[in-house]
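A.B. asks: Place chains B and C on chain A using the hints.
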Amino acid sequence: MPHNSPDMAAALRTFAEESGELLEAMASHLRALLEGDEDMERLHALFRAAHTIKGAGGMFGLDAVVGFTHLVENLLSQLRDGHQPLTPALLELLMDCRDQMEDLLKEALDDGDAAADPALAARSDSLGARLQAALGNTGGGTGGGETASPATAPPPSAALTPATDEDVELERVEADTWHLSLRFSPGVLREGMDPISFLRYLESVGRIVHIATLVDNLPDAEAMDPLNCYFGFEIELESERDKDAIEAVFDFVRDDCQLRLLPPHSRIADYIALIQGLPEGPDRLGEILVAANALTRQELELGLTHQRQFAGQAQVPLGEILIAEGMTHPPVVEAALDRQAQAKGRPGKDKGGESQFVRVHAEKLDELINLVGELVIAGAASHLLARGRRDRRAQEAALTVNRLVEQVRDVTLKLRMVEIGETFNRFHRVVRELGRDLGKDIALDITGAETELDKSMVEKLGDPLMHLVRNAIDHGLEPPEQRLAAGKPERGRVRLNAYHDSGGIVIEIGDDGRGLDRERILARARERGLIGEDETPSDPELYALIFEPGFSTAQTVTNVSGRGVGMDVVKKTIAALRGTVEIDTVLGAGTTIRLRLPLTLAIIEGFLVRVENVPFVLPLESVRECIALSATSAADRRQYVNLRGEVLPYLRLRELFALGGTPPRRENIVVVRHQGNRVGVVVDQLQGELQTVIKPLGRLFRGMRGLSGSSILGSGEVALILDVATLAEIATSRDHNRGGPAAQLQQGASACSTQ
Amino acid sequence: MSHPADTDQPDAEDRLRVALTGDVDIYAAETLKAQLLDQLLRTRVLELDLAEVSLIDTAGMQILVLLKRTAEREGRELRLSQHSATAAEAIQFLGLGPFFGDPLPIQPQWT
Amino acid sequence: MAKTILIVDDSASIRQVVKIALTGAGYEVVEAVDGMDALKKLDGRKINLVISDVNMPNLDGIGFVKQLKQKSGYQFTPVIMLTTESEAEKMRQGKEAGAKAWVVKPFQPAQMLAAVTKLIQP
Numbered sequence: 001m002p003h004n005s006p007d008m009a010a011a012l013r014t015f016a017e018e019s020g021e022l023l024e025a026m027a028s029h030l031r032a033l034l035e036g037d038e039d040m041e042r043l044h045a046l047f048r049a050a051h052t053i054k055g056a057g058g059m060f061g062l063d064a065v066v067g068f069t070h071l072v073e074n075l076l077s078q079l080r081d082g083h084q085p086l087t088p089a090l091l092e093l094l095m096d097c098r099d100q101m102e103d104l105l106k107e108a109l110d111d112g113d114a115a116a117d118p119a120l121a122a123r124s125d126s127l128g129a130r131l132q133a134a135l136g137n138t139g140g141g142t143g144g145g146e147t148a149s150p151a152t153a154p155p156p157s158a159a160l161t162p163a164t165d166e167d168v169e170l171e172r173v174e175a176d177t178w179h180l181s182l183r184f185s186p187g188v189l190r191e192g193m194d195p196i197s198f199l200r201y202l203e204s205v206g207r208i209v210h211i212a213t214l215v216d217n218l219p220d221a222e223a224m225d226p227l228n229c230y231f232g233f234e235i236e237l238e239s240e241r242d243k244d245a246i247e248a249v250f251d252f253v254r255d256d257c258q259l260r261l262l263p264p265h266s267r268i269a270d271y272i273a274l275i276q277g278l279p280e281g282p283d284r285l286g287e288i289l290v291a292a293n294a295l296t297r298q299e300l301e302l303g304l305t306h307q308r309q310f311a312g313q314a315q316v317p318l319g320e321i322l323i324a325e326g327m328t329h330p331p332v333v334e335a336a337l338d339r340q341a342q343a344k345g346r347p348g349k350d351k352g353g354e355s356q357f358v359r360v361h362a363e364k365l366d367e368l369i370n371l372v373g374e375l376v377i378a379g380a381a382s383h384l385l386a387r388g389r390r391d392r393r394a395q396e397a398a399l400t401v402n403r404l405v406e407q408v409r410d411v412t413l414k415l416r417m418v419e420i421g422e423t424f425n426r427f428h429r430v431v432r433e434l435g436r437d438l439g440k441d442i443a444l445d446i447t448g449a450e451t452e453l454d455k456s457m458v459e460k461l462g463d464p465l466m467h468l469v470r471n472a473i474d475h476g477l478e479p480p481e482q483r484l485a486a487g488k489p490e491r492g493r494v495r496l497n498a499y500h501d502s503g504g505i506v507i508e509i510g511d512d513g514r515g516l517d518r519e520r521i522l523a524r525a526r527e528r529g530l531i532g533e534d535e536t537p538s539d540p541e542l543y544a545l546i547f548e549p550g551f552s553t554a555q556t557v558t559n560v561s562g563r564g565v566g567m568d569v570v571k572k573t574i575a576a577l578r579g580t581v582e583i584d585t586v587l588g589a590g591t592t593i594r595l596r597l598p599l600t601l602a603i604i605e606g607f608l609v610r611v612e613n614v615p616f617v618l619p620l621e622s623v624r625e626c627i628a629l630s631a632t633s634a635a636d637r638r639q640y641v642n643l644r645g646e647v648l649p650y651l652r653l654r655e656l657f658a659l660g661g662t663p664p665r666r667e668n669i670v671v672v673r674h675q676g677n678r679v680g681v682v683v684d685q686l687q688g689e690l691q692t693v694i695k696p697l698g699r700l701f702r703g704m705r706g707l708s709g710s711s712i713l714g715s716g717e718v719a720l721i722l723d724v725a726t727l728a729e730i731a732t733s734r735d736h737n738r739g740g741p742a743a744q745l746q747q748g749a750s751a752c753s754t755q
Numbered sequence: 001m002s003h004p005a006d007t008d009q010p011d012a013e014d015r016l017r018v019a020l021t022g023d024v025d026i027y028a029a030e031t032l033k034a035q036l037l038d039q040l041l042r043t044r045v046l047e048l049d050l051a052e053v054s055l056i057d058t059a060g061m062q063i064l065v066l067l068k069r070t071a072e073r074e075g076r077e078l079r080l081s082q083h084s085a086t087a088a089e090a091i092q093f094l095g096l097g098p099f100f101g102d103p104l105p106i107q108p109q110w111t
Numbered sequence: 001m002a003k004t005i006l007i008v009d010d011s012a013s014i015r016q017v018v019k020i021a022l023t024g025a026g027y028e029v030v031e032a033v034d035g036m037d038a039l040k041k042l043d044g045r046k047i048n049l050v051i052s053d054v055n056m057p058n059l060d061g062i063g064f065v066k067q068l069k070q071k072s073g074y075q076f077t078p079v080i081m082l083t084t085e086s087e088a089e090k091m092r093q094g095k096e097a098g099a100k101a102w103v104v105k106p107f108q109p110a111q112m113l114a115a116v117t118k119l120i121q122p
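Residue numbers (UniProt numbering), protein chains in the order written: chain A, 1 to 755; chain B, 1 to 111; chain C, 1 to 122.
These are calculated hints, taken from the structure and not from any lab test.
Quantities reported herein were computed from a predicted structural model and do not represent experimental measurements.
Any given hint could be a false lead.
Unchecked claim - The list that follows gives simulated cross-link-like pairs (lysine to aspartate or glutamate, DMTMM-like), each with its CA atoms no further than 25 Å apart:
(1) C:Lys-90 / A:Asp-256
(2) A:Lys-243 / A:Asp-255
(3) C:Lys-95 / A:Glu-21
(4) C:Lys-71 / C:Asp-60
(5) C:Lys-41 / B:Asp-23
(6) A:Lys-460 / A:Asp-539
(7) C:Lys-19 / C:Asp-37
(8) C:Lys-105 / A:Asp-251
(9) C:Lys-95 / A:Asp-256
(10) C:Lys-3 / B:Glu-89
(11) C:Lys-105 / A:Asp-244
(12) B:Lys-33 / B:Asp-11
(13) C:Lys-69 / A:Glu-102
(14) C:Lys-90 / A:Asp-251
(15) B:Lys-33 / B:Glu-52
(16) C:Lys-46 / A:Asp-410
(17) C:Lys-46 / B:Asp-49
(18) A:Lys-460 / A:Glu-433
(19) A:Lys-364 / A:Glu-459
(20) A:Lys-572 / A:Asp-410
(21) A:Lys-460 / A:Glu-18
(22) C:Lys-19 / A:Asp-251
(23) C:Lys-46 / B:Glu-52
(24) A:Lys-455 / A:Glu-374
(25) C:Lys-46 / B:Glu-72
(26) A:Lys-572 / A:Asp-539
(27) C:Lys-19 / C:Glu-31
(28) C:Lys-66 / A:Asp-256
(29) A:Lys-243 / A:Glu-203
(30) A:Lys-243 / A:Asp-39
(31) A:Lys-106 / A:Glu-21
(32) A:Lys-460 / A:Asp-445
(33) A:Lys-243 / A:Glu-171
(34) B:Lys-33 / B:Glu-77
(35) C:Lys-95 / A:Glu-247
(36) A:Lys-414 / B:Glu-72
(37) C:Lys-69 / A:Asp-255
(38) C:Lys-3 / B:Glu-30
(39) A:Lys-572 / A:Glu-527
(40) C:Lys-3 / A:Asp-251
The shape of chain A in the complex, shown without the other chains (with noise of 0.2 Å):
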């Protein structure tokens, strides 16, 4: 057994912790089971957990666990599939068998390598016994439910043997959504029927958990014809309703689009018929399903490889099959299998089912980020030496090192961009116990889940976002009868989405429940003092305060949310990101969080600019471009200027920072970016492009306005990093020469300059 390995030995340690919940799992459904609830989903989730255990088992090697437990998952496939009764005495002796896969695991997971007990394999082999004999009732003989034996009506599945490893054709995937492909005639268009009006009619018999619109056949620019259909769809549905229910959506166009359904818990075999059958062809549609979450990778892979393997005689059966279960067509089934056909008449080009994937430890990717960090510096050094000694070819020089070590720092950096999906995805589980908790029916909606960031800002990430989610739930959705009232649908939502913005990301955590109450909240914050009898404060500051340590306005304390502990905290995290949290809010239509963040916190593209010769660095994806701050301009004291008719508003760096001194004969204006709002930035000199490695802000600085991090330019000269959104909020503001950080600069400047 290769156990040596640390990542082994780590995976291990995930399987004995994946197993133990799985095992607790089935112990609560077969409790539930025993006690009358009748739940079929509960057998689903038993097959599902030996199945897994049984699977991941295997890759480890501990046969004990994965001979037992597949007799085990054999019974339940029998019971699941209704070709048994489940019968008190089977339950009974599932819970024997499920003692009995905790202790197996217990022995393998404790000391794989030490002597089996030989107790314990007596009585494995006596519940083996056990098993068999309840696996070869299935014909008939003790039950009452044999009326509707498999011998008068074979289900496909399992009317043959139980299913076993080696059935590949009969292995189902763990999707319980129906999945949809769609495509449509050219002319569909110019019939007045648009796809995606059916799509979200759709919505009316389900829940759409997915959608990927295919634009591979979209041609070029030239050949296209904007009147022609050339997208396709591939679906999840969550639905309760039937086949032809789902159908009936698209009876309109019946004539006009190819539809292929398939049901919950299909077959792998169907799924990869039916990739096999589309134009964009297996590997295109077989990614496109694994990221709608149709089938795990491993399914697909299973499915291909077996594929691969039976080549030839697989074909007919599978479009039997298809037919025999109503699912198509026949006209579809034969185009389907003409293009499989001419598909594997072609060379393939699959490289083997070889995983394209290495482990590496975070560790090692932040020492390499670190070392290139330097390596950007060093880099940047070199090359401002080269162009002081004037050396035409030590600049070429210099200039392809830089190049070369720009990419390699993109190339480090994206090693360690995960998406954000994975995090989100936790939060189903959260959304249904909470929503089973509180008595409100909840849906959660997850866009952007393909946005990436930095796996070290992902683990910082979630805690505040699980504080959001449930307050979000707790506070933000009503529970169902006020939001009838509210002539809302009873099942509220809520979503996660993510997106990139002014080269950082956007998280936003929106409910659709009753909305912030100014007046509550306005009344709460006079209550504690935080705002004066007389003050009205602006939406976004009176907002803000849910931030504020102890603040709530909950009127119920529950035990999810309510006592005021949490927000503070949230608010607390994402500034030591560097971020920024934003509440969008309308009463009794719900909130919204933005969280704006870094993509990293290790480097910045950044513009150098100077004002009294002290260096600042904008993030260089918020400039927009720069100007020239004429005399006449500078000379009267308005904060704006005229850009091309818009208005402009503007703040000297000079001021903000009271760095004194007089401004040259012309200034210069830095046009910059943030959420849409152009605002300008006033500075002595341009130096152009850099990266910089950021590093976090000394002591001194900490907490000013205006600034998000410090950097070592190439000369060694310290370099404050800008911050936009900050700069943004202060030149759009009224009040801005007030001032503030000024002369706490001050200080800083001289105290970073003498290092």
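C.D. replies: Frame of chain A; chains B and C shown alone:
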């Protein structure tokens, strides 16, 4: 469904901003294709302001996809900005957010 | 902006029922009593969907749809046709004229609303 440019000429940094208004639908598709392709090919960055878009249907979305792909092929850039609620929702609904890659905030009234 | 639906039927009660169902769902409804009237009612205004009976005096549904599909600004407008019984021949003609969606009378208001919502959302 008129779609005049804010300014007809790219700015100093070779960016052109065009506001789309009304229904970006099949009735507008032919005009939009011709006009926007032409504008895309005259500038480095074409920014489409979607603030006043009241509807996007399949034909309209196809035009946006065509522009995005053409821009990539030609080494240019297409940005969609200031999405109206309808525009943002349509892009989200079809799962095309990552394809376009533009920021898509949750709308205040997103249900 | 609410989407506008043109309902063309010579039966006032049918128009009324349809109108109640559709306005209740957030659509604007314009009524016309037959094909000729419908052509007049178009008047260059934006129509997002047409519901038309087949059997009507003056200009019947098929003739009306044929003309509609020739008019600029309406050629891609979706059409739902209403038939009384299973009129296979009429249906063939209608489809040829460009009407893909059919609803058979008598229908429940909810059925009509469902048919409309498949094609356009309010």
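A.B. asks: Each of the hints needs a verdict: does it hold here or not?
C.D. replies: Comparing the hints with the structure gives:
Restraint check for Lys-90 of chain C and Asp-256 of chain A: the C-alpha separation of about 20 Å stays at or below 25 Å, so the hint holds. Distance check on the hinted pair: Lys-243 of chain A and Asp-255 of chain A sit about 18 Å apart at the alpha-carbon level, within 25 Å; holds. Using a Cα cut-off of 25 Å, the hinted pair Lys-95 of chain C and Glu-21 of chain A is violated, with the two alpha carbons roughly 58 Å apart. For the hint linking Lys-71 of chain C to Asp-60 of chain C, the alpha-carbon distance of about 17 Å falls within 25 Å, and the restraint holds.
Restraint check for Lys-41 of chain C and Asp-23 of chain B: satisfied, since their Cα atoms lie roughly 21 Å apart, inside the 25 Å limit. As the CA atoms of Lys-460 of chain A and Asp-539 of chain A are separated by approximately 29 Å, the hinted pair breaks the 25 Å bound. Among the hinted pairs, Lys-19 of chain C with Asp-37 of chain C is consistent with the structure: their alpha-carbon atoms are about 17 Å apart, no more than 25 Å. For the hint pairing Lys-105 of chain C with Asp-251 of chain A, the CA-to-CA distance comes to about 17 Å; that is within 25 Å, so the pair holds.
About 12 Å separates the Cα atoms of Lys-95 of chain C and Asp-256 of chain A, which keeps this hinted pair within 25 Å; it holds. Proximity of Lys-3 of chain C to Glu-89 of chain B is assessed by CA-CA distance (about 17 Å); at most 25 Å being required, the pair is judged to hold. Proximity of Lys-105 of chain C to Asp-244 of chain A is assessed by CA-CA distance (about 21 Å); at most 25 Å being required, the pair is judged to hold. About 22 Å separates the Cα atoms of Lys-33 of chain B and Asp-11 of chain B, which keeps this hinted pair within 25 Å; it holds.
As the CA atoms of Lys-69 of chain C and Glu-102 of chain A are separated by approximately 71 Å, the hinted pair breaks the 25 Å bound. The suggested pairing of Lys-90 of chain C with Asp-251 of chain A holds, with an alpha-carbon distance near 18 Å, which does not exceed 25 Å. Restraint check: the Cα-Cα separation between Lys-33 of chain B and Glu-52 of chain B comes to about 18 Å, which is no more than 25 Å; the hinted pair holds. Between Lys-46 of chain C and Asp-410 of chain A the CA atoms are separated by roughly 51 Å; this puts the pair beyond 25 Å, and the hint is violated.
Between Lys-46 of chain C and Asp-49 of chain B, the direct Cα distance comes to roughly 23 Å. Compliance with the 25 Å bound is thereby established for this hinted pair. For the proposed pair Lys-460 of chain A and Glu-433 of chain A, the alpha carbon gap of about 23 Å is at most 25 Å, so the pair holds. Restraint check for Lys-364 of chain A and Glu-459 of chain A: satisfied, since their Cα atoms lie roughly 17 Å apart, inside the 25 Å limit. With a CA separation close to 29 Å, the supplied pair Lys-572 of chain A and Asp-410 of chain A exceeds the 25 Å bound.
A C-alpha spacing of about 23 Å is found between Lys-460 of chain A and Glu-18 of chain A, which places the hinted pair at or below 25 Å, so the restraint holds. Distance hint between Lys-19 of chain C and Asp-251 of chain A is fulfilled; the C-alpha atoms sit about 23 Å from each other, no more than 25 Å. Distance hint between Lys-46 of chain C and Glu-52 of chain B is fulfilled; the C-alpha atoms sit about 17 Å from each other, no more than 25 Å. At most 25 Å may separate the alpha-carbon atoms for a hinted pair to count; Lys-455 of chain A and Glu-374 of chain A meet this at roughly 20 Å.
Restraint check for Lys-46 of chain C and Glu-72 of chain B: not satisfied, since their Cα atoms lie roughly 35 Å apart, outside the 25 Å limit. With a C-alpha separation of about 21 Å, the suggested pairing of Lys-572 of chain A with Asp-539 of chain A holds against the 25 Å cut-off. Of the pairs offered as hints, the one joining Lys-19 of chain C and Glu-31 of chain C holds, with about 8 Å between alpha carbons and a cut-off of 25 Å not exceeded. This hinted pair checks out: Lys-66 of chain C and Asp-256 of chain A have alpha carbons roughly 20 Å apart, not beyond 25 Å.
Among the hinted pairs, Lys-243 of chain A with Glu-203 of chain A is consistent with the structure: their alpha-carbon atoms are about 15 Å apart, no more than 25 Å. The suggested pairing of Lys-243 of chain A with Asp-39 of chain A holds, with an alpha-carbon distance near 22 Å, which does not exceed 25 Å. Between Lys-106 of chain A and Glu-21 of chain A the alpha-carbon distance is near 13 Å, which keeps this suggested pair within the 25 Å criterion. At roughly 22 Å between alpha-carbon atoms, Lys-460 of chain A and Asp-445 of chain A fall within 25 Å of each other, so this suggested pair holds.
Proposed proximity of Lys-243 of chain A and Glu-171 of chain A is supported: the alpha carbons are some 21 Å apart, at most 25 Å. Of the supplied pair hints, the one linking Lys-33 of chain B and Glu-77 of chain B holds, its CA atoms being roughly 16 Å apart against a limit of 25 Å. Our distance criterion of 25 Å between C-alpha atoms is met by Lys-95 of chain C and Glu-247 of chain A, whose separation comes to about 20 Å. Simply put, Lys-414 of chain A and Glu-72 of chain B have alpha-carbon atoms about 21 Å apart, close enough for the 25 Å limit, and the pair holds.
Taking the CA atoms of Lys-69 of chain C and Asp-255 of chain A, the gap is near 19 Å; set against the 25 Å cutoff, the hint holds. Between the alpha carbons of Lys-3 of chain C and Glu-30 of chain B the distance comes to roughly 22 Å, so the proposed pair stays at or under 25 Å and holds. Taking the CA atoms of Lys-572 of chain A and Glu-527 of chain A, the gap is about 24 Å. The hint holds against a cut of 25 Å. Distance restraint check for Lys-3 of chain C and Asp-251 of chain A: the Cα-Cα separation of roughly 22 Å lies within the 25 Å cut-off, and the hinted pair is therefore satisfied.
Violated hints, listed in ascending order, are 3, 6, 13, 16, 20, 25; each of the other numbered hints is respected by the structure.
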